[in-house]
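Work out the full structure: start from the sequences and follow the hints.
4 protein chains.
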Amino acid sequence: MSKPLCIIVGFGEGLGRALAAKFASCGFDLALISRSKKNSAAAADAVVTATVASRVRLFCADVTRPETLESTIATIAQEMGEIDLLIYNVRGNFTACEPLDMSYDALENVYREEVVGAFAAAKAVLPGMITRSRGSVFFSSATAAFRGSSTHPLYAIGKFGLRALSQSLSKAYAKHGIHIVHFRLDCDLDTPIMHELYGQDYDPGKLANPDDVAESYWLTYQQPRSAWSNEVELRPYTEGWTC
Amino acid sequence: MSKPLCIIVGFGEGLGRALAAKFASCGFDLALISRSKKNSAAAADAVVTATVASRVRLFCADVTRPETLESTIATIAQEMGEIDLLIYNVRGNFTACEPLDMSYDALENVYREEVVGAFAAAKAVLPGMITRSRGSVFFSSATAAFRGSSTHPLYAIGKFGLRALSQSLSKAYAKHGIHIVHFRLDCDLDTPIMHELYGQDYDPGKLANPDDVAESYWLTYQQPRSAWSNEVELRPYTEGWTC
Amino acid sequence: MSKPLCIIVGFGEGLGRALAAKFASCGFDLALISRSKKNSAAAADAVVTATVASRVRLFCADVTRPETLESTIATIAQEMGEIDLLIYNVRGNFTACEPLDMSYDALENVYREEVVGAFAAAKAVLPGMITRSRGSVFFSSATAAFRGSSTHPLYAIGKFGLRALSQSLSKAYAKHGIHIVHFRLDCDLDTPIMHELYGQDYDPGKLANPDDVAESYWLTYQQPRSAWSNEVELRPYTEGWTC
Amino acid sequence: MSKPLCIIVGFGEGLGRALAAKFASCGFDLALISRSKKNSAAAADAVVTATVASRVRLFCADVTRPETLESTIATIAQEMGEIDLLIYNVRGNFTACEPLDMSYDALENVYREEVVGAFAAAKAVLPGMITRSRGSVFFSSATAAFRGSSTHPLYAIGKFGLRALSQSLSKAYAKHGIHIVHFRLDCDLDTPIMHELYGQDYDPGKLANPDDVAESYWLTYQQPRSAWSNEVELRPYTEGWTC
Chain A
19 MSKPLCIIVG
29 FGEGLGRALA
39 AKFASCGFDL
49 ALISRSKKNS
59 AAAADAVVTA
69 TVASRVRLFC
79 ADVTRPETLE
89 STIATIAQEM
99 GEIDLLIYNV
109 RGNFTACEPL
119 DMSYDALENV
129 YREEVVGAFA
139 AAKAVLPGMI
149 TRSRGSVFFS
159 SATAAFRGSS
169 THPLYAIGKF
179 GLRALSQSLS
189 KAYAKHGIHI
199 VHFRLDCDLD
209 TPIMHELYGQ
219 DYDPGKLANP
229 DDVAESYWLT
239 YQQPRSAWSN
249 EVELRPYTEG
259 WTC
Chain B
19 MSKPLCIIVG
29 FGEGLGRALA
39 AKFASCGFDL
49 ALISRSKKNS
59 AAAADAVVTA
69 TVASRVRLFC
79 ADVTRPETLE
89 STIATIAQEM
99 GEIDLLIYNV
109 RGNFTACEPL
119 DMSYDALENV
129 YREEVVGAFA
139 AAKAVLPGMI
149 TRSRGSVFFS
159 SATAAFRGSS
169 THPLYAIGKF
179 GLRALSQSLS
189 KAYAKHGIHI
199 VHFRLDCDLD
209 TPIMHELYGQ
219 DYDPGKLANP
229 DDVAESYWLT
239 YQQPRSAWSN
249 EVELRPYTEG
259 WTC
Chain C
19 MSKPLCIIVG
29 FGEGLGRALA
39 AKFASCGFDL
49 ALISRSKKNS
59 AAAADAVVTA
69 TVASRVRLFC
79 ADVTRPETLE
89 STIATIAQEM
99 GEIDLLIYNV
109 RGNFTACEPL
119 DMSYDALENV
129 YREEVVGAFA
139 AAKAVLPGMI
149 TRSRGSVFFS
159 SATAAFRGSS
169 THPLYAIGKF
179 GLRALSQSLS
189 KAYAKHGIHI
199 VHFRLDCDLD
209 TPIMHELYGQ
219 DYDPGKLANP
229 DDVAESYWLT
239 YQQPRSAWSN
249 EVELRPYTEG
259 WTC
Chain D
19 MSKPLCIIVG
29 FGEGLGRALA
39 AKFASCGFDL
49 ALISRSKKNS
59 AAAADAVVTA
69 TVASRVRLFC
79 ADVTRPETLE
89 STIATIAQEM
99 GEIDLLIYNV
109 RGNFTACEPL
119 DMSYDALENV
129 YREEVVGAFA
139 AAKAVLPGMI
149 TRSRGSVFFS
159 SATAAFRGSS
169 THPLYAIGKF
179 GLRALSQSLS
189 KAYAKHGIHI
199 VHFRLDCDLD
209 TPIMHELYGQ
219 DYDPGKLANP
229 DDVAESYWLT
239 YQQPRSAWSN
249 EVELRPYTEG
259 WTC
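Residue numbers (the numbering used here), protein chains in the order written: chain A, 19 to 261; chain B, 19 to 261; chain C, 19 to 261; chain D, 19 to 261.
No lab work stands behind these hints, which were simulated from the structure alone. Owing to the predicted nature of the structure, the values given are computational and were not obtained by experimental measurement. Some hints here could point you the wrong way.
The list makes no distinction among identical chains, and a pair is therefore deemed to hold if it is satisfied within one copy or across any two copies.
Keeping only pairs whose Cα atoms sit at most 30 Å apart, straight-line, the calculated BS3-like set for lysine-lysine is [as the list claims (entries may be wrong)]:
# : residue 1 : residue 2
1 : K193      : K224
2 : K141      : K224
3 : K193      : K141
In structure tokens:
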């Protein structure tokens with residue numbers, strides 16, 4: 019009998035790898051989509067090694083080209099079967115800039131990464147899920163979806179839009195049995211990039227462990243449909259959260 | 019080796035029974051506190067029968083008398099051991115009335131049930147949990163914690179206060195390893211009382227199944243501490259939610 | 019022709035004085051209620067001197083005794099006439115303590131000050147306002163109404179409850195032409211007490227000027243009824259707000 | 019001595035006309051920008067007639083072309099002088115569609131109208147305002163900025179983004195004395211289009227009167243800078259609001 023299939027859009031080091039490892043270990047086949055195989059091959063190797071029983075395949079697509087993303091997912095469905103879970107795990111540009119320094123191109127680009135690409139991915143899987151009256155669509159997001167920022171306005175604008183999309187999809191399609199969730203990560207992740215960024219201030223106790231975040235995604239996946247969360251916040255126990 | 023111990027304050031038909039059954043089936047001993055044994059004995063019998071391997075004990079306390087609740091929990095700790103999980107599952111008065119018809123007594127009472135009692139229960143278990151650097155405190159709440167009501171103002175006032183308490187405790191004690199969660203039930207529960215209340219309009223598909231809600235509590239309990247939720251919303255897939 | 023009448027509950031140095039001065043200067047008679055005349059006489063003198071054309075009267079009531087507050091307001095209505103505007107400007111205990119150090123008495127007391135007293139005041143004026151299809155009820159609140167606190171949990175619990183009350187009243191009675199507003203002061207006020215508290219760090223540019231806050235209350239009072247705000251946030255331009 | 023200058027982007031029947039009339043009556047010169055003069059000439063005539071003492075000039079620009087909007091505003095500054103108040107009053111596409119029926123073009127377009135255009139307008143006026151340490155930037159928005167929609171997802175996605183932009187600008191530039199406000203209209207407006215849309219159900223008592231909304235904008239404009247609102251909600255007294 020075939021395994022359930024999980025697509026992760028935005029696969030690489032960090033949370034993408036952890037999600038892949040978690041869902042593979044829980045019996046999913048995986049289709050992993052990243053911009054280029056170069057960035058993700060090493061991470062995928064680690065996942066493949068750990069999960070001999072699962073099919074794990076790598077695909078390439080540029081999320082800022084929604085038709086391409088749609089057709090990549092159509093190919094996956096054709097070659098690997100029905101999709102049970104889509105995780106849109108793309109993080110738009112996180113470069114700091116003050117609002118007046120945003121370029122129109124950067125504004126357009128963050129929207130394509132965070133909102134249009136997320137919609138394209140959802141659009142590619144939802145009709146099938148609705149037909150089968152089951153399926154899950156998870157969006158990786160952040161506290162930036164809840165408040166503007168004087169230093170990272172692009173990220174906030176993108177994540178606000180992603181949250182609006184997630185809510186809209188949920189309100190329209192939950193009744194067909196589709197579990198749509200906006201995950202608000204209220205913390206930095208303990209990834210190689212963050213380790214480097216923090217330098218001497220690096221303290222893993224202050225960061226969310228990607229494997230733990232993946233575990234909480236998995237727990238959310240198991241929620242029975244009469245007791246679903248549609249917006250999930252995740253933060254480490256050390257986080258002094260504000261709202 | 020002893021089992022982990024779960025206290026449920028506010029035990030009876032409905033969610034209390036479902037939580038007891040769930041956590042017993044997951045290997046917990048149970049201390050169940052209700053106002054009178056009369057109301058809860060039948061439900062407890064069902065739980066006990068289903069969970070021969072667990073210790074299940076019934077206690078009585080009036081949550082509107084905080085010192086009494088504290089001392090009841092102290093007795094439980096003495097007789098049954100360290101408390102791993104406290105679930106405060108009390109629902110204050112839900113009688114409809116317009117705001118101007120609230121009596122001062124009703125205002126005081128809903129606060130004692132929803133806030134002071136919840137604090138008393140937390141106060142009875144937190145110092146031990148802090149010493150052991152682990153433990154979970156769960157508060158059953160509702161969407162009423164997020165918006166006022168022209169028809170159920172007492173319930174909203176109580177639940178707003180409960181949410182403030184839950185956030186305050188979490189911000190103060192999460193760093194000691196204590197997982198404090200406010201559960202917002204965004205729906206009516208499919209309980210005998212609701213069945214009767216809805217009458218001919220009763221449609222289980224529109225309600226949250228208590229066993230499913232208990233399952234989502236259990237999933238939340240399993241979140242690893244670097245990826246915790248402190249506010250969890252739960253609603254059935256059929257719920258057209260607004261905020 | 020008689021002037022409109024404004025009651026301010028919680029009158030003293032700081033915002034109470036500023037509100038009194040502002041509304042007197044805009045043509046209101048004033049009934050000022052404080053716990054003791056001692057605390058408020060000096061402030062009232064200043065207001066009286068500035069507003070010779072208005073009637074300004076001082077009353078005493080303990081807001082934690084709701085029937086007393088109700089009867090005081092009934093007396094005011096009898097002696098001074100119809101009430102156009104009620105401002106409930108009481109601030110509950112702001113002493114810092116960690117959540118586990120809250121006493122049951124302190125929990126009860128903050129609720130009486132912030133919620134029960136506010137309700138008593140509203141209850142004393144709303145029936146008359148509903149009969150006349152006009153009137154305004156303003157509650158002075160704070161950002162504490164929006165998030166719990168590890169250091170000031172009592173204040174948060176009180177202000178959450180006040181917000182629930184304000185929303186409930188508004189949803190029930192706005193349709194009768196009553197303008198009910200929750201003012202969230204997202205800042206410290208530049209008052210003598212704060213000046214002293216900040217000591218060498220005192221910087222008026224970082225604080226909200228009470229006269230400016232009173233001006234913004236007055237502007238809100240003037241909103242036409244087809245374009246009302248029910249929750250108003252106020253912060254100084256120097257405030258780096260979070261949510 | 020010259021009058022203060024107000025730019026309204028998105029001028030036509032409805033709120034645009036009401037805002038123009040209000041600010042002209044309060045002593046402002048006006049620069050009114052709409053997509054085509056055809057749509058706005060009649061409305062402008064009405065404003066001009068009512069405000070002989072003010073300069074009122076009409077300009078054309080397509081807000082979905084941000085450089086064009088920027089250069090139009092630069093022209094206005096050159097020809098009419100320093101800008102005191104910018105009101106971005108554009109409403110993106112409000113056509114109903116379910117989320118899966120959104121086209122990529124519609125997604126791009128609503129973002130250009132609601133977010134990129136709003137940023138272009140702000141970018142054209144903020145540097146001058148910052149230099150002078152004064153100025154106001156007002157964004158007309160809606161409750162759609164606070165929750166997704168199963169029926170109007172495009173509108174929600176656009177307004178969420180606009181709110182993120184407004185918060186980000188405010189957090190970055192309020193400290194320079196610039197008052198940036200997101201106006202959430204929590205109601206339909208009583209405009210000719212709505213009158214027609216509602217047909218026999220038309221009830222002006224249920225709608226916000228545009229002149230009243232304009233009045234509340236004007237009251238907000240007068241807030242002193244130590245007691246500013248950055249997010250203003252406006253609803254008619256008849257509105258049974260939810261959040």
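Do the hints match the structure? See the list:
no.: 1; hint: K193 - K224; result: between (38 Å within a copy, 10 Å between copies)
no.: 2; hint: K141 - K224; result: between (36 Å within a copy, 27 Å between copies)
no.: 3; hint: K193 - K141; result: within (17 Å within a copy, 41 Å between copies)
Of the numbered hints stated above, none is contradicted by the structure.
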